[in-house]
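Below are the chains, spelled out letter by letter.
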Amino acid sequence: MEGLANGLYGIPVLGVVFQLVGYLVAVIPEPTVSHQIIFLATPLILGALCGIMNERSGVVNIGIEGMMLSSAFAAFVAAGLANEALGGTPWGAFGITVPLLIGVVAGVINGVLVSTLHAWLSITIRADQIISGTIINIAAVGATGYLHRIIITPNPHLGGGIFSAWTVPDAITSIPVVGWLVSAFLGQGPIAMSALFLMLLLQVMLFRSRWGLRTRAVGEHPKAAETVGIDVIRLRYRNVVLGGVFAGLAGAFLTLESQASFQLNMTAGRGFIALAAVIIGRWTPVGAFGAALLFSAATALQVAIGVNPPTGQLGSVLGAIPSQLFGALPYIVTIIVLAGFIGRSVAPAADGQPYAKEVRS
Amino acid sequence: MPPPQDERPPRAGRRFVPGPAALVPILAVVLAFLAGSVLILLTGFATVGHLDLLLPVTAYLALLQGAGITTDPAQATNGLVNTVVQAAPLVLGGLSVGLAFKAGLFNIGAQGQFLMGALAAAGTGAAVAGWPGPLAILAAILAGCIAGAAWGFIPGALKAFTGAHEVVTTIMLNTIAASVVGWLVTGPLLATGFSFDRTGDLGNATLPILFGTRNLHLGVLASVLAVPVIWFLLWRLTLGFEIRTVGANPSAARYAGMRPAFLIVFTMSLAGLLAGLAGSMEILGITHFMNASYGTSVGFDSITVALLGRAHPVGIVLAALLFGALRAGAGLMQIKTHIPVEIVDVIQAIVLLFIAADVIVRFVFRVRTGHGGLAELQTVTKSYGEGAVR
Numbered sequence: 001m002e003g004l005a006n007g008l009y010g011i012p013v014l015g016v017v018f019q020l021v022g023y024l025v026a027v028i029p030e031p032t033v034s035h036q037i038i039f040l041a042t043p044l045i046l047g048a049l050c051g052i053m054n055e056r057s058g059v060v061n062i063g064i065e066g067m068m069l070s071s072a073f074a075a076f077v078a079a080g081l082a083n084e085a086l087g088g089t090p091w092g093a094f095g096i097t098v099p100l101l102i103g104v105v106a107g108v109i110n111g112v113l114v115s116t117l118h119a120w121l122s123i124t125i126r127a128d129q130i131i132s133g134t135i136i137n138i139a140a141v142g143a144t145g146y147l148h149r150i151i152i153t154p155n156p157h158l159g160g161g162i163f164s165a166w167t168v169p170d171a172i173t174s175i176p177v178v179g180w181l182v183s184a185f186l187g188q189g190p191i192a193m194s195a196l197f198l199m200l201l202l203q204v205m206l207f208r209s210r211w212g213l214r215t216r217a218v219g220e221h222p223k224a225a226e227t228v229g230i231d232v233i234r235l236r237y238r239n240v241v242l243g244g245v246f247a248g249l250a251g252a253f254l255t256l257e258s259q260a261s262f263q264l265n266m267t268a269g270r271g272f273i274a275l276a277a278v279i280i281g282r283w284t285p286v287g288a289f290g291a292a293l294l295f296s297a298a299t300a301l302q303v304a305i306g307v308n309p310p311t312g313q314l315g316s317v318l319g320a321i322p323s324q325l326f327g328a329l330p331y332i333v334t335i336i337v338l339a340g341f342i343g344r345s346v347a348p349a350a351d352g353q354p355y356a357k358e359v360r361s
Numbered sequence: 362m363p364p365p366q367d368e369r370p371p372r373a374g375r376r377f378v379p380g381p382a383a384l385v386p387i388l389a390v391v392l393a394f395l396a397g398s399v400l401i402l403l404t405g406f407a408t409v410g411h412l413d414l415l416l417p418v419t420a421y422l423a424l425l426q427g428a429g430i431t432t433d434p435a436q437a438t439n440g441l442v443n444t445v446v447q448a449a450p451l452v453l454g455g456l457s458v459g460l461a462f463k464a465g466l467f468n469i470g471a472q473g474q475f476l477m478g479a480l481a482a483a484g485t486g487a488a489v490a491g492w493p494g495p496l497a498i499l500a501a502i503l504a505g506c507i508a509g510a511a512w513g514f515i516p517g518a519l520k521a522f523t524g525a526h527e528v529v530t531t532i533m534l535n536t537i538a539a540s541v542v543g544w545l546v547t548g549p550l551l552a553t554g555f556s557f558d559r560t561g562d563l564g565n566a567t568l569p570i571l572f573g574t575r576n577l578h579l580g581v582l583a584s585v586l587a588v589p590v591i592w593f594l595l596w597r598l599t600l601g602f603e604i605r606t607v608g609a610n611p612s613a614a615r616y617a618g619m620r621p622a623f624l625i626v627f628t629m630s631l632a633g634l635l636a637g638l639a640g641s642m643e644i645l646g647i648t649h650f651m652n653a654s655y656g657t658s659v660g661f662d663s664i665t666v667a668l669l670g671r672a673h674p675v676g677i678v679l680a681a682l683l684f685g686a687l688r689a690g691a692g693l694m695q696i697k698t699h700i701p702v703e704i705v706d707v708i709q710a711i712v713l714l715f716i717a718a719d720v721i722v723r724f725v726f727r728v729r730t731g732h733g734g735l736a737e738l739q740t741v742t743k744s745y746g747e748g749a750v751r
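Heads up: the protein sequence lines correspond to chains A and B, in order. Numbering-wise (the numbering used here), the first sequence opens with residue 1 and increments by one. Numbering-wise (the numbering used here), the second sequence opens with residue 362 and increments by one.
With the rest of the complex left out, here is chain B (with noise of 0.2 Å):
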């Protein structure tokens, strides 16, 4: 049953007192917690029979306490470590997926572009296992990147040659980049001498681990690179600029003699570069090899780390920092409190509710200022049922 319409303005002609561009997320943050306590509230509840009112408190110091936010040193050092090396494939994925809503694109395939790069990187890092260790890694990293940018330059070029809307192509080749790896990984790149079917050790293209720390690897370094290269490409070059107009009105970006075409295909190819990365970094940092089932939730937090972010290359790190957090400190949270991990997926979902629905978050707060949603995104709505843009 909608409310009665009729003494609404329409939502572009509403007055807004422009406000700090953050409020609103952080406040669908805090919101989404207290929704998430109440599940907690009603898990306690059907599991243990009785209302557990400290339940959500416990839960959540707990979550803090693994995520490194406690007074035991060498408990804060080892989950402050685990949130930044969750964090960091997040800022990277974060990247992939906020560059491509600039140009007003939703790369729903970072997911994809993730895995090819994680792919080519356990295969070119196994293949190349025993060059200098500087070289290996370079060549690891490089055939992840250009994995990543080829997964990421086909709905591009599709979207811009053929019009097929990137949110269904993007979504296809996810479900393809799991079957491919799930191709390689038993046949062209399996490795012999194990008890199931993964890819070879990569010897030399293994990135060495920092401070001695337990999982600290160097690849954490290029998602703090990343960060300041790509908000200098969007605010301080002409492509940014280019980027960005296709983004906020791609027609008046086609007038002023920009190429959207052109401009599309980039931007995707940089996001699957960007995707591709950091599925590279997870394998030559983490996990070492590759298996037949390799699953993440990398693609799916990504979405929710840029649009918390504003797909602003600061708001993504502190997304990313946050999400980091979560996954980090869900796993204490589980054993302390026997409250499942997944409820941080439950929490994502909350919280990306709250900003779509900013409604919802001014009406509890009583603020009248700030938007959830981003401006580029109705240029990805829009575009879904038209043609071809060039």
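So that you can see chain A by itself, here it is in the shape it has in the complex (with noise of 0.2 Å):
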């Protein structure tokens, strides 16, 4: 089998898969592209978040992605006109400005409103869940064009700055063998920060407390559920709002910590990753995370050979690669893994299906 592969690539395959691992075990620790992997999971994992809130509670949301887009827009043109009218004077850790924080709140707000808007059409009105979603994305692509064309084209000069990173002190950065790990995580802007402490929470609270309890059972069988006391459609309301918040910190971040300006479908699909990091992280926080973080150092791949070239045959296999695959590498990852996954990763029992009370007839 190898004889063959060699025979027709000229390229020893195992060999070069080996040159891989050693290549990754010696580049992630490099400062820039760990740096990088955590930085690029963010708006994932929030993303991914809002998901886990959703299909925990029984409703498919594959409007992530409009989520995220509507709210990065929300944000960025809140902090803009904020920047203009108020000004901003950066004060305290992470360059935080008073137009940066209406930019948040606004972003999260817009979050909310959208999810509402998902969680009336799946859950009281009973349409289909992912027509719901669908209309979500098609609606924040639309919203977002109309409104660029006429608040963001006039006002070229509009927006509300950029939240910076902490700067770890050497102290940390110097421990060894762990140190580059711990100021990865560390020397992240507010919203990574808070993206990270957010997975671990919602990790602990959905299966260490009542309302987690309460919030899987719903997804599994909310018939059950109602039978002990559980107003079904309340938690699942209050569940896909609560999962606004963390979609549209996404947005946030993508327009008020990762770079400072909107352009039209800046999510580049990002909402749908974290939609597979729901699936591969089998519905758990932290299992999200690490599929983030796949996908993430997927993408931080390009960025490590930049920093630090492959050499010997490693390198030309790589280097034949053309730049726009590699662009592809985290959607190729997620079908791959999608189709090996599946079979052991099971969705809440009662995903995606609309729930009645029954009645006497």
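The set of hints was computed from the structure by calculation and includes no laboratory data. Treat the hints with caution; some may be incorrect.
As the list claims (entries may be wrong) - Here are the computed lysine-lysine pairs in the DSS-like style, where the Cα-Cα straight-line distance is at most 25 Å:
1) 357(A) x 743(B)
2) 697(B) x 223(A)
3) 357(A) x 223(A)
Said to hold, decoys possible - Beta-carbon label-pair distances, calculated as ranges:
4) 620(B) x 282(A): 28 to 38 Å
5) 435(B) x 265(A): 36 to 46 Å
6) 654(B) x 308(A): 28 to 38 Å
This structure is a prediction, so every number in the text was calculated from the model and none was measured. All C-beta atoms in this analysis are idealised placements derived from N, C-alpha and C, irrespective of residue type, glycine included.
Hints in hand, dock the two standalone chains.
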């Protein structure tokens, strides 16, 4: 088999795989690369938390992408307008200004409003949940495109600034063995840091609190939950609406922490990768975080090659891959992992099923 | 805050008087245009500073004029041709999404299949530019169909054999298709002698323009022909019956001895072929080459068209003509009233919203009949968390 591969490609395949593993072990502790992996994973994990809040309570949400896109727009415009009206001098850590905070709040409010629409469509009027998500995605592209033309195109200098990352002290960076790992987590902006905190918080809440138990019950067997006195409709509403907070934060991250501008369709499929992270992470926050890291590492590989080009046969193999295909790597990884994982990854039993109380007829 | 649910019987048990299937879609469109006019009023207020109550009327009239609904014969011909040319890919895309709906599948991947079809047609067309006309065109179209079908086969096979849901995989394949376009157009398919990255000239593979018009190309015929073909497949062939049975109830189909795995792969491949055909027509008939950042709204529009047309070929044609007219007329509306063309996207989303939330439509117009949604959608959403179908 290996002889065949040798003959076909003139490159020992197994050798290159070993070289790749060795290269990754060497390059990931590189400060720029490890920082980039966490940074790129932030919108993915926030989006995935939104998806987990929805799907754990039995509501499919494929509208994360649209929620993120519209929140990114709302956050950017709110911060920009606040900056024009108030101006902003940074105070304290992270370069925090009043316009930036207003932007974050606007992004979160937008996320909550859009997910309230999703909740109303999928819980109250029991419309199809996948269609509801599709509507949100299409509406977000349309509405941001329309408003972009009206608000941003005439004001090219609109902008609310950008959060800065925390400078990790040398004392932490120079800790042997784990110093790079700790500083990769700490050397981030405020939204990225809170994303990690929220991920851990949701993990604990979902599996160690009364709310979590009830949420999982509602997602697995709403009828049984109803019979023990849980208000299924109300709990689903609350969770879906709260999930919008995470999507709103993810959007705010894109325009206030990742970069200080808004472009059309700037989410570029991140909401869908977040959706895949939910599935691959088996509907748990920590699992989704792992999946998000996998995807962001696939993207960061391109950065790593720029920082520290691999040598030898691995270098020639990676060098032969066109740069456009590197951009598609997270999506290819998603499909491969989904195809391989799905048998062992089971969704909440009532995911996607609208719930209606039984009544005597 | 959810309204009290206690008195409401479950949806399936509610008694509906059977009404015309087109009722809710038509009323949804009417309501969406009313909502759109509110948006136009607000836009006018925001940009000009005072409330111009006639602005929605002016804007919609300009839209109609651009779409060919006007008394000036030259402008009418031009506008109607534009409407038909814009509607043609939407018919094929709508059939692609609608056919998948019939099998209980949600093909969000029409976008990617369209792109792959367009790319293959552009590449093949440039390669066979010197062949005799009909042969070159046929080769390019065939390549587009195969590429689109392959891009539909992948999610179909993944769904049938691994259980990976097509909603997620087709979305991923859309982005991958855009990357493949960027790579091939700047790499292997790059033509020399142009100021920007693009594929080569089509030569004899260019579709002829009909009746001496500016842009009514022969590919429109493919859309016209595809409609009866898909109708015949779905309602006159055993295969179509099996597709519809799988869409209505996969378990029942399996117990009746049908092969859901095969039907899913077949339907997704055929859906991909239709979208790929739309892509190759667009390249061979209109743009005549492909650039690295080729973008299109056909993917999203097709979903709207299929839902608005209730996944029925005739409904899809009507819905495609509506959105073709919107796309054709929006330019003139923007020139005349400064309302951005993007309002078409907003109206599209509102139409979808009203179809999904058919309670709004029934409430506003005081009608008691008719559904907005498709029954097959339950199969789509139900399979979301489930595993392989075999």
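Status of the hints after comparison with the structure:
1. Annotation: proposed proximity of residue 357(A) to residue 743(B) holds, straight-line Cα distance about 19 Å (limit 25 Å).
2. A distance of roughly 57 Å separates the Cα atoms of residue 697(B) and residue 223(A); the hinted pair therefore is violated under the 25 Å criterion.
3. For the hint pairing residue 357(A) with residue 223(A), the CA-to-CA distance comes to about 8 Å; that is within 25 Å, so the pair holds.
4. Against the hinted window of 28 to 38 Å, the Cβ-Cβ separation of residue 620(B) and residue 282(A) comes to about 30 Å, which satisfies the hint.
5. For residue 435(B) paired with residue 265(A), a C-beta distance near 37 Å keeps the hint of 36 to 46 Å intact.
6. For the pair residue 654(B) and residue 308(A), the beta carbons lie near 30 Å from each other, so the given range of 28 to 38 Å is met.
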